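Based on the hints, put chain U in the right spot on chain H.
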Amino acid sequence: VRCDCSFLYPFLIVNGCRLPNTGFLSSLSSQGRDGGLGYQFLIQATNLTTCPGSCIRPVGLAFGKDGRLYVSSDTSGEVSSLSVLFLSLLLSLPWSMGFNTYCYVSLPYSFEFNAKYTNSFVASIALRHRECLKNAYLTRSVPRCPQLPLSSTWKMWSSELQYYPTSLNETPNQSQVY
Amino acid sequence: MRLKALIPILPIGFNLLFPVAISQSTNFQPFGISFKSPVTVLAGLKASVVFSNLTAPRGIAFDGENNLLVVERGLGLSAFRPSIDKIGSVGWERTLVINNPNFTQGIQVDGEVLYVSTATDTLVYQYNVSTRSIAGGMDGKPWWTVVSGIPGDGGEYTSLTFQRELIYIPELTTHKLQLERDSTRSIALLVANGPKTNIDETARDPASGRSQIRRFPLASPVNFPISPPTQNWDDGQIISFGIRNPAGFAFLPSSSNLIHEASAHLKTLLVVENGASIDGTSNLTSTFVNDNPADELELVTFSSSIPTNETTHSAPQSYGFPDCTTLWNPIADPIGNPRFADKKRGDQFSLQLDPTRRDDFCSNPKNNQPPVISFQAHSVPLDIKFYDPSFGLLSSGSLPSSFRNKFFVSFHGSFNRNPPTGYGVVM
Numbered sequence: 120v121r122c123d124c125s126f127l128y129p130f131l132i133v134n135g136c137r138l139p140n141t142g143f144l145s146s147l148s149s150q151g152r153d154g155g156l157g158y159q160f161l162i163q164a165t166n167l168t169t170c171p172g173s174c175i176r177p178v179g180l181a182f183g184k185d186g187r188l189y190v191s192s193d194t195s196g197e198v199s200s201l202s203v204l205f206l207s208l209l210l211s212l213p214w215s216m217g218f219n220t221y222c223y224v225s226l227p228y229s230f231e232f233n234a235k236y237t238n239s240f241v242a243s244i245a246l247r248h249r250e251c252l253k254n255a256y257l258t259r260s261v262p263r264c265p266q267l268p269l270s271s272t273w274k275m276w277s278s279e280l281q282y283y284p285t286s287l288n289e290t291p292n293q294s295q296v297y
Numbered sequence: 044m045r046l047k048a049l050i051p052i053l054p055i056g057f058n059l060l061f062p063v064a065i066s067q068s069t070n071f072q073p074f075g076i077s078f079k080s081p082v083t084v085l086a087g088l089k090a091s092v093v094f095s096n097l098t099a100p101r102g103i104a105f106d107g108e109n110n111l112l113v114v115e116r117g118l119g120l121s122a123f124r125p126s127i128d129k130i131g132s133v134g135w136e137r138t139l140v141i142n143n144p145n146f147t148q149g150i151q152v153d154g155e156v157l158y159v160s161t162a163t164d165t166l167v168y169q170y171n172v173s174t175r176s177i178a179g180g181m182d183g184k185p186w187w188t189v190v191s192g193i194p195g196d197g198g199e200y201t202s203l204t205f206q207r208e209l210i211y212i213p214e215l216t217t218h219k220l221q222l223e224r225d226s227t228r229s230i231a232l233l234v235a236n237g238p239k240t241n242i243d244e245t246a247r248d249p250a251s252g253r254s255q256i257r258r259f260p261l262a263s264p265v266n267f268p269i270s271p272p273t274q275n276w277d278d279g280q281i282i283s284f285g286i287r288n289p290a291g292f293a294f295l296p297s298s299s300n301l302i303h304e305a306s307a308h309l310k311t312l313l314v315v316e317n318g319a320s321i322d323g324t325s326n327l328t329s330t331f332v333n334d335n336p337a338d339e340l341e342l343v344t345f346s347s348s349i350p351t352n353e354t355t356h357s358a359p360q361s362y363g364f365p366d367c368t369t370l371w372n373p374i375a376d377p378i379g380n381p382r383f384a385d386k387k388r389g390d391q392f393s394l395q396l397d398p399t400r401r402d403d404f405c406s407n408p409k410n411n412q413p414p415v416i417s418f419q420a421h422s423v424p425l426d427i428k429f430y431d432p433s434f435g436l437l438s439s440g441s442l443p444s445s446f447r448n449k450f451f452v453s454f455h456g457s458f459n460r461n462p463p464t465g466y467g468v469v470m
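If you're matching them up, the sequences are chains H and U in order. One point on numbering: in the working numbering, the residue at position 106 of the first sequence is 225, and numbering is uninterrupted. One point on numbering: in the working numbering, the residue at position 393 of the second sequence is 436, and numbering is uninterrupted.
Isolated chain H (complex conformation):
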């Protein structure tokens, strides 16, 4: 199957791998259906009923070269940063070790991961959205990043399911696109 859906999916390219960013898509499609917001808070004032008061009121954002997100808050007079707890940092170890075959599939926030039906689940996400992606998925012509084997290591990270390849042999062939 040769169909380039990239024009539909601006956030599709992850380190040479092409996958639909279903996080983006599901945030669109879930809006108004399940009552969810379609996005999630990384940081929020705890006691909203006291706001504005001295609550954080985020205004400006900037990423540092240290990979942290810096946030200004005007009425509370604060600048703060968001970083990862050390424990969580370990979870991103494969990336740090130089794997370049990393790719990910985003799933709805509430999704309880079960390896048994991952392939069909991911395929169903694609089905819901675009015929083009359905073909791409079902023929397995999309992932030049690794396939989605049932036995590999999967990890939940907040809203996302991350897949780490088990060997460096699964290097994506970047010349092959769908």
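FYI, nobody ran anything at the bench for these hints, they're computed from the structure. Source: prediction; values computed, not measured. Errors might be hidden in some of the hints.
Here are the computed distance ranges between Cβ atoms for each label pair [claimed, not checked]:
(1) Asn166/H with Asp403/U: 42 to 52 Å
(2) Asp277/U with Asn166/H: 44 to 54 Å
(3) Pro81/U with Gly155/H: 18 to 28 Å
(4) Asn166/H with Gly180/U: 42 to 52 Å
(5) Pro185/U with Gly155/H: 48 to 58 Å
(6) Gly155/H with Pro125/U: 34 to 44 Å
No residue lacks a Cβ here, since even glycine has one placed at the ideal position from N, Cα and C.
Using the frame of chain H, we list chain U on its own:
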């Protein structure tokens, strides 16, 4: 494997008792100071205060040496960097770079060229990154005006739904700035302008200069001390209009910008837009407007090619303001406002300001580009940034690589919703 890179640099010691030394232009705050009001953070993340007791910090940006520059509205511009104070505490050092109470929010740094916005102008200063100072000293003379004549009278007093006081909404003169780069240098400056008033009917006409983003080409690099040319707001290329208050926008990151492979001159911006307070318009009830309209994320595409004799810029598209807005909760008040009950979140509806611009008008993208994402009503998004790390190894505390190419939006928070919403950062 380079484990060393994974060991976090922990503060040597906290010093919470020693009072922060305040000097004329620099002061210091140790790591570990608490937020003024508690925050809740997503599992796996950690929030740390960099600095407290600042003067209304608004726009922020990193310079080439990783100093964090902060517009302190009403005061000027300050720079922050990790440091150790005289007694060995680890923390952040703050240096006041510019005294100028007129800065509003916009800030961009391009080498030694520092762009900031005031209510009516875009200024540049010559910035020395190694000394964190500007040519001419802290009071910042000389500066140069690169865009003048921006309408600076946006803002108004608005009555609150749930309180009887009037509140001034100052967010309408903030003038977000964004440099547009090609592979070698900054080639244009994008400047935003909000509406004159909450619902500004003059913004219907793009020539009004209201509720839109304009593009100003930078014909040649700024070469201090030669004065850069001053351009007038009226001469800027309108790249979108009908975006009520384009408070924040960002280019799609280069790694995902394959949308227009065939036409490299097309650029794509994601813009956050603050919806109007729509109390009292179109027979909307206070229950309905407590949950409507949605704030928005707009996808704006424009051409950066230089028009020739044969071509002109394609006409900019309208995003609906003031006539059209976006539904957040269709069943907020099914009895008082039943006309929305069969609609869904994200649908466009008319505020019925103009009899020729009803719901069917608003539903046509030729008249009104709908948002790509709706935000909860009254969230007040003010900035958007992509996580697009270009480094190979993650440094201590880096956000996870799974956040790569996701976008992050600041929510200033509601002033007229019960219960309040926003007051956070979302992904």
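Going down the list of hints, with the structure as the test:
{"no.": "1", "hint": "Asn166/H with Asp403/U: 42 to 52 Å", "verdict": "44 Å, holds"}
{"no.": "2", "hint": "Asp277/U with Asn166/H: 44 to 54 Å", "verdict": "47 Å, holds"}
{"no.": "3", "hint": "Pro81/U with Gly155/H: 18 to 28 Å", "verdict": "24 Å, holds"}
{"no.": "4", "hint": "Asn166/H with Gly180/U: 42 to 52 Å", "verdict": "43 Å, holds"}
{"no.": "5", "hint": "Pro185/U with Gly155/H: 48 to 58 Å", "verdict": "52 Å, holds"}
{"no.": "6", "hint": "Gly155/H with Pro125/U: 34 to 44 Å", "verdict": "38 Å, holds"}
This entry satisfies every hint, going by the numbered hints stated previously.
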